[in-house]
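Undergrad: Take the given structure of chain A and dock chain B to it, following the hints.
There are 2 protein chains.
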Amino acid sequence: MTRQLHFNLFLHDTGHHEASWRLPESDPHANLSLEAHQHLTRVAEDAKFDSVFLADSPVLWSDPARRPSGKLEPTLLLAALAASTRRIGLIATASTSYNEPFNLARRFASLDHLSKGRAGWNIVTTAGDAAARNFGLDDQPLHKTRYERADEFLRVSTKLWDSWTDDAVIADKQRGVHALRDRVRAVGHHGEYFRVDGPLDVPRSPQGYPLLVQAGSSENGKEFAAKWAEAVFVAQPTLAESQAFYADLKRRAVAAGRNPDQVVILPGIVPVVGDTAAQARELDAELERLIAPEHAIGTLATVLGVDAERLKLDEPLPIDLPAEEEIEGHKSRRTLIVDWARRDNLTVRQLIGKLGGGRGHRTFTGTPVQVADTIQEYFENGAADGFNIMPAVLPSGIEAFAAKVVPILQERGLFRTEYTGTTLREHYGLPRPANSLELASR
Amino acid sequence: MTRQLHFNLFLHDTGHHEASWRLPESDPHANLSLEAHQHLTRVAEDAKFDSVFLADSPVLWSDPARRPSGKLEPTLLLAALAASTRRIGLIATASTSYNEPFNLARRFASLDHLSKGRAGWNIVTTAGDAAARNFGLDDQPLHKTRYERADEFLRVSTKLWDSWTDDAVIADKQRGVHALRDRVRAVGHHGEYFRVDGPLDVPRSPQGYPLLVQAGSSENGKEFAAKWAEAVFVAQPTLAESQAFYADLKRRAVAAGRNPDQVVILPGIVPVVGDTAAQARELDAELERLIAPEHAIGTLATVLGVDAERLKLDEPLPIDLPAEEEIEGHKSRRTLIVDWARRDNLTVRQLIGKLGGGRGHRTFTGTPVQVADTIQEYFENGAADGFNIMPAVLPSGIEAFAAKVVPILQERGLFRTEYTGTTLREHYGLPRPANSLELASR
Numbered sequence: 001m002t003r004q005l006h007f008n009l010f011l012h013d014t015g016h017h018e019a020s021w022r023l024p025e026s027d028p029h030a031n032l033s034l035e036a037h038q039h040l041t042r043v044a045e046d047a048k049f050d051s052v053f054l055a056d057s058p059v060l061w062s063d064p065a066r067r068p069s070g071k072l073e074p075t076l077l078l079a080a081l082a083a084s085t086r087r088i089g090l091i092a093t094a095s096t097s098y099n100e101p102f103n104l105a106r107r108f109a110s111l112d113h114l115s116k117g118r119a120g121w122n123i124v125t126t127a128g129d130a131a132a133r134n135f136g137l138d139d140q141p142l143h144k145t146r147y148e149r150a151d152e153f154l155r156v157s158t159k160l161w162d163s164w165t166d167d168a169v170i171a172d173k174q175r176g177v178h179a180l181r182d183r184v185r186a187v188g189h190h191g192e193y194f195r196v197d198g199p200l201d202v203p204r205s206p207q208g209y210p211l212l213v214q215a216g217s218s219e220n221g222k223e224f225a226a227k228w229a230e231a232v233f234v235a236q237p238t239l240a241e242s243q244a245f246y247a248d249l250k251r252r253a254v255a256a257g258r259n260p261d262q263v264v265i266l267p268g269i270v271p272v273v274g275d276t277a278a279q280a281r282e283l284d285a286e287l288e289r290l291i292a293p294e295h296a297i298g299t300l301a302t303v304l305g306v307d308a309e310r311l312k313l314d315e316p317l318p319i320d321l322p323a324e325e326e327i328e329g330h331k332s333r334r335t336l337i338v339d340w341a342r343r344d345n346l347t348v349r350q351l352i353g354k355l356g357g358g359r360g361h362r363t364f365t366g367t368p369v370q371v372a373d374t375i376q377e378y379f380e381n382g383a384a385d386g387f388n389i390m391p392a393v394l395p396s397g398i399e400a401f402a403a404k405v406v407p408i409l410q411e412r413g414l415f416r417t418e419y420t421g422t423t424l425r426e427h428y429g430l431p432r433p434a435n436s437l438e439l440a441s442r
Numbered sequence: 001m002t003r004q005l006h007f008n009l010f011l012h013d014t015g016h017h018e019a020s021w022r023l024p025e026s027d028p029h030a031n032l033s034l035e036a037h038q039h040l041t042r043v044a045e046d047a048k049f050d051s052v053f054l055a056d057s058p059v060l061w062s063d064p065a066r067r068p069s070g071k072l073e074p075t076l077l078l079a080a081l082a083a084s085t086r087r088i089g090l091i092a093t094a095s096t097s098y099n100e101p102f103n104l105a106r107r108f109a110s111l112d113h114l115s116k117g118r119a120g121w122n123i124v125t126t127a128g129d130a131a132a133r134n135f136g137l138d139d140q141p142l143h144k145t146r147y148e149r150a151d152e153f154l155r156v157s158t159k160l161w162d163s164w165t166d167d168a169v170i171a172d173k174q175r176g177v178h179a180l181r182d183r184v185r186a187v188g189h190h191g192e193y194f195r196v197d198g199p200l201d202v203p204r205s206p207q208g209y210p211l212l213v214q215a216g217s218s219e220n221g222k223e224f225a226a227k228w229a230e231a232v233f234v235a236q237p238t239l240a241e242s243q244a245f246y247a248d249l250k251r252r253a254v255a256a257g258r259n260p261d262q263v264v265i266l267p268g269i270v271p272v273v274g275d276t277a278a279q280a281r282e283l284d285a286e287l288e289r290l291i292a293p294e295h296a297i298g299t300l301a302t303v304l305g306v307d308a309e310r311l312k313l314d315e316p317l318p319i320d321l322p323a324e325e326e327i328e329g330h331k332s333r334r335t336l337i338v339d340w341a342r343r344d345n346l347t348v349r350q351l352i353g354k355l356g357g358g359r360g361h362r363t364f365t366g367t368p369v370q371v372a373d374t375i376q377e378y379f380e381n382g383a384a385d386g387f388n389i390m391p392a393v394l395p396s397g398i399e400a401f402a403a404k405v406v407p408i409l410q411e412r413g414l415f416r417t418e419y420t421g422t423t424l425r426e427h428y429g430l431p432r433p434a435n436s437l438e439l440a441s442r
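Here the protein sequences come in this chain order: A and B. Sequential numbering of the first sequence, starting at 1, is according to full-length UniProt numbering. Sequential numbering of the second sequence, starting at 1, is according to full-length UniProt numbering.
Extracted from the complex, chain A is given alone in its bound form:
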């Protein structure tokens, strides 16, 4: 079969542009609305997208004055969406730093059962001291420590998901035996961060494991992705940088003993689709005008690890910013932003304008054919296996992409016209993992 694109819709209430909620047509309460999320997910499902995705951090993560900052917990929201959809995959972000493996493993196994094999987990280590202070800590654990814990968290979780063999439940009414006792086993994990006896209280789920997704591009993040991730979200501003990232991560996967085709790389893009190129540019400009730069400065300062007072709107970034090695969170985001500002010689105000739209992701602005061409260019030139679609404005941005761009790609044979599988792993062409306990006992 010809290699085909994969599409994920990054759900974000009224859109990824921070001013999108202020547009006349936007529902400023969409962040807490099941119906708004049902609509977005159905549009993506009708367009045969592989999945939808929700970001997360267990903290109030932006100034509540500036934009809708309240959110629905992702595993619950996706469980509700599982009941409202049939085929599309459902990827929730959850933190390995602020959860216990038993609790999270059972939630993802439950989501996989509820959705009949459509669950995915975007694994994050959660940057920031504010989150740490919701969990009894003074400061966040070191970046390296967070990744060590994440690695052990995955080792525990996969053991728990494997603690029932696939054939454990026999449901023999006559003999009165529901599951075979020797096919349900304790995991007895005793590690540095966790001790977990098990077994899990959820039988092995349709996909075996949820799809494992990762998004950090720091050195630790890329090593973690090479070892564990089956799909990777990434932010790269140019084709060349996307190609470099793509080649590097596939190489790392091979070095980790894996098949590089089983690591699906999905750059984030912000499609801005107009019937004419001029119309698309006009929409872009309208959004930039809506940003209140004084609100955005605080967020930028946090990512860069400097005091907000040091950033002047009409000057370039300060020269003596902390290096990537000196900050403990958002490492790759920080470097991407700094490199971008310096390369294009942007003032802080101009930088905020760019970030408000794409937050470091590439904006594809143009007519449907132009956007489809750029997607094809990335896909056929070693920069992407598909895309994480992050419309600046929702639902209109995904409606336009689904109605105008997707049919062009389908016509070119680059995207499915119907689902061929039923699980999220099948959509992405990824195998169902064998049961490690089962293999060990053969």
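No distinction is drawn between identical chains; accordingly, a pair holds when it is met within one copy or between any pair of copies.
Dumping the calculated DMTMM-like pairs for lysine to aspartate or glutamate here, alpha-carbon to alpha-carbon at most 20 Å:
#1 K173 with E25
#2 K227 with E152
#3 K116 with D27
#4 K354 with D339
If you are wondering where the hints come from, they were derived from the structure by calculation, not from laboratory data.
TA: Relative to chain A, chain B alone:
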């Protein structure tokens, strides 16, 4: 308005009788089926029940050979059910011993938003060493310690639910102000078990707090209920014992400075409804025949805190059982079982027969009129404000109760014929809590 009954359906896949999955008509995979739970919930909603409820413990809690022991995590399953229903309340059990307040508070606030005000939390401290060993401990914390932690957990959670005032979100597109900064506040909790900065990442939910439910009947449990619970599930085998419990708990609520009408007491009952009394008794007997007593002995031994070998099927319970004070979990369940066995002079086999059906709850066996009469008797004689309905077999048990018993109670004016409110609190006649932060700042 006349005082009316409240009904909760205790969801339990093929029924509360441990052999129910073996009946020819039972789906032995119902425990992991969204559709099976959707059907049960819709039957209860069509009958105008106040709520459905899911038990939980973060552990594989029964021998997987004996009955369906895998389960779907309750907050996720109820989120999926929120998307499939409109009016009925959704009560999930969750542990204060094996969760962090920030994580759980945001899940219940999210469920309340998703369901438009229909979330309830059955607060448990989780008995048993097996659960503790899924969370890095060797043994469960002491009963008293678990309740101290639960109390602080509730103090943190209510502060988090109050960390946004009800009027915080103004969504002023013109000025670009989504929420008022001074109406979203850190909680700064520094206690013995938890330090939590806050604010919550979820704005105040439709009900303010989820309905707070409790079910333990130990001394610590009853004190906790008197302080926090708005609805209480209880197991009492006779009318007299239900009356004593009812009077005692209402008295404790008054002593805690609360309005006793705002603590709704719901004894668990197992209705066995036949068109004739003989038919009802026949169904009862058929289920008892299906139990494999050798499987049930282990569970009974665990609750009693003795080795399984000490229990002989055709002898009474040993005389020298550990006292309630000597065991660290299931205290009230243990005492109820021991008292019952001694009072009725039961052998272990007979006791297992009784427990397999009602697990210590009262079985109401008879014709629809007989069952309705008993319900009315309890309700009008200081033993109950309503009932936690635990059919031995599902879905048939709730279908029969809804079709045959509910209409009799409606005709007598004892139960609603239509929902009058939209939230779970409104169904139970309970107030929406005022915002403590808001009150403090006036």
